[in-house]
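Asks: Chain F: place on chain W using the hints.
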Amino acid sequence: MKPKTDSSQDLEFWKLRLYVAGQTPKSLTAFSNLKRLCEERLQGRYVLEVIDLIKTPQLAADDQILAIPTLVRKLPVPIRKIIGDLSNTERVLVGLDLQPASDRRTS
Amino acid sequence: MKKQIRKQTPVLPKAPTGIQGLDQLTGGGLPQGRPTLLCGSAGCGKTLIAMEFLVRGATQFGEPGVFMAFEERIEELAQNFASLGHDLNALVAQKKLALDFVRVERSEIEEAGDYDLEGLFIRLGHLIDKIGAKRVVLDTIETLFSGLTNAAILRAELRRLFRWLKDKGVTAIITGERGEATLTRYGLEEYVADCVIMLDHRVSENMSTRRLRIVKYRGSSHGTGEYPFLIDEAGISLLPITSLGLKHPASTERVSSGLPDLDAMMGGRGYYRGSSVLVSGTAGSGKTSLSAHFAAAAAARGERCLWFAFEESANQIARNMRSIGLDLERPVRQGRLRFHAERPTMSGLEMHLVTIHKQVQEVQPQVVIIDPITNFNALGSDLEIKAMLTRLIDYFKQQQITALFTSLNSGGRAEEAPEVGVSSLMDTWLLLRDVESGAERNRVLHLLKSRGMAHSNQVREFLLTDRGVELRNVYLGPSGILLTGSARGALEAQEQAQALVREQEASGRTRALERKRAALEAQIAALRAEYGVEEAELQRGIAQGDARTAMLAGDRIEMGRQRQANVTATRKTRKPN
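Chains as they are written, first to last, in my numbering: chain W, 1 to 107; chain F, 1 to 577.
All clues stand as given, with none of them false.
Subject to a maximum C-alpha distance of 27 Å in a straight line, what follows is the list of computed DSSO-like cross-link-like pairs (lysine-lysine): (1) Lys130(F) <-> Lys168(F); (2) Lys386(F) <-> Lys358(F); (3) Lys168(F) <-> Lys14(F); (4) Lys166(F) <-> Lys55(W); (5) Lys216(F) <-> Lys166(F); (6) Lys166(F) <-> Lys130(F); (7) Lys130(F) <-> Lys14(F); (8) Lys15(W) <-> Lys74(W); (9) Lys55(W) <-> Lys95(F); (10) Lys55(W) <-> Lys168(F); (11) Lys95(F) <-> Lys130(F); (12) Lys130(F) <-> Lys55(W).
Here are some, though not all, of the chain F residues that point toward chain W, as calculated from beta-carbon distances under 7 Å: (13) Glu108; (14) Ile109; (15) Glu110; (16) Glu111; (17) Ala112; (18) Tyr115; (19) Asp116; (20) Leu117; (21) Glu118; (22) Gly119; (23) Arg123; (24) His126.
These are computed hints drawn from the structure, not numbers from a lab.
This one's a predicted model, so the numbers in the text were calculated from it and none came from an experiment.
Beta carbons: idealized from backbone N, C-alpha and C, even for Gly.
Bound-form chain W, shown alone (with noise of 0.2 Å):
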């Protein structure tokens, strides 16, 4: 039986923004990282998009973006932010509201 979350995860849609200022290590593993964990999990329904505030500073006040890299689950509501490079997989899980991926597994 699946969890009723892990079920309506599978159906909604899930909009992401990824908040970076330039081409930093930081922002580039942060990238590479968040794309890997897309396709892992939410393959086909997600639209990520990369904002780099140094072409587009006016963009940061609105999101509330302090830390870089930023990254924004915009869908489904409520909106949650992560910041970081994304390389604490089980952070970014619990902080995107997915279930970890043994769990998925496991049931």
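Replies: Relative to chain W, chain F alone:
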């Protein structure tokens, strides 16, 4: 060579805050292009001072500013400052001010890996570039510590931020909450080394006073010590109470006390302009009435008078003074007399000082009345009150304001010791006293001292009549006791009666003399008449004698003619006649 270098070294450039007292303290403002730490406990006015710095920078010094708030939303900020008379939205619309609210909510943020605060830098940099800001406020950046867990990253980023602000060349204020043992809870003072200002909000004797202290100011001299400041509808007023030194000018101009009799006691011309006058006395001895005369006289001269009433409302004073024939309402209507009435317990001692300064600056009076200073007693120790009054008197002297202070003496104390030991600060000291004798209490006035002028040493009786205050001569009774009131009246009457008797006696004597002279003159006249009679008789006798002689001579000539022979002989004998 070395000297030359020193000469060429430019003085530390400063960004004026526009907050008058603060600029005086810092010798011109905050260090330009450097960050300043403004720390203090909650509610002590950090945000307000910081915003005032930006608003005044934008409106008075042509320096746009960025306010980055970490605690208050922009709408809240705008509302809060609207109540203080600043229209932030208008300034934003004019691109003189940029506001940004940075929300840091730990529950909304998940940390997953390494990060930095470049986003904050970008936001701030964007706003600075957008309006060409010269000033920046970060209020309160320490919020980051509660929102983000990685303190190591935060500290490194803060260090970078302050360096970055310096590189940008903006004058920044960073606010910080006061910590237990440190100036700020997270040790921000470590990063901001140029200027640290501490605010304090202390409650003593149930009065709260906000104070400001410059903890450090690298490369500049500054006022040390704590300075009270006031937040009201006009913003912040800070009062630097550094010792002004005794450099105030001394005027030789005199101003009337409002009582010709009192003026007469001071060489006929009254107090010196810019001097301080103490009127001390027991309850109901007429201190306020004396003050009212002074105020009315100032208004009549066309001067402005500011009256701080700490016991009565303006209306009450006006009503009471009407009963002694003084109209204080007219000068109020004419704008020449301004009352500032409040209970002294309304605020702390320092706050009163600030309020008085503010009022004086606003009204620009020539005469100030403080009635009474003894009500400050509840607010501090004697030493504190004396220190406050010293500052106040120095300030008045600096402004060439003639100040009249009243002081209430309680019955039990020695009369020549006013409640507040300030008599040495005063130039003129009038002591009002009650004298009890003959089942009456009457008021007397002494001029205990008056610097720089000849003054009367007399004790005078002080009467409150429906035509105002009158001074009367005081009588000494037979045993040297001061006689006042009805005793004086009785003595006066007695003296009048005696005078009358003396007058009557004198006129009686005059009349007796008159009579005597008349009698004498009559006698003289009688004698003269007698003499006249005698003289007439004598004259008659003489005339008869002559006639006889002539007759005899005629007979002899006749006889000679008859005896011719004897003619020559007769002539011979007559020749020697």
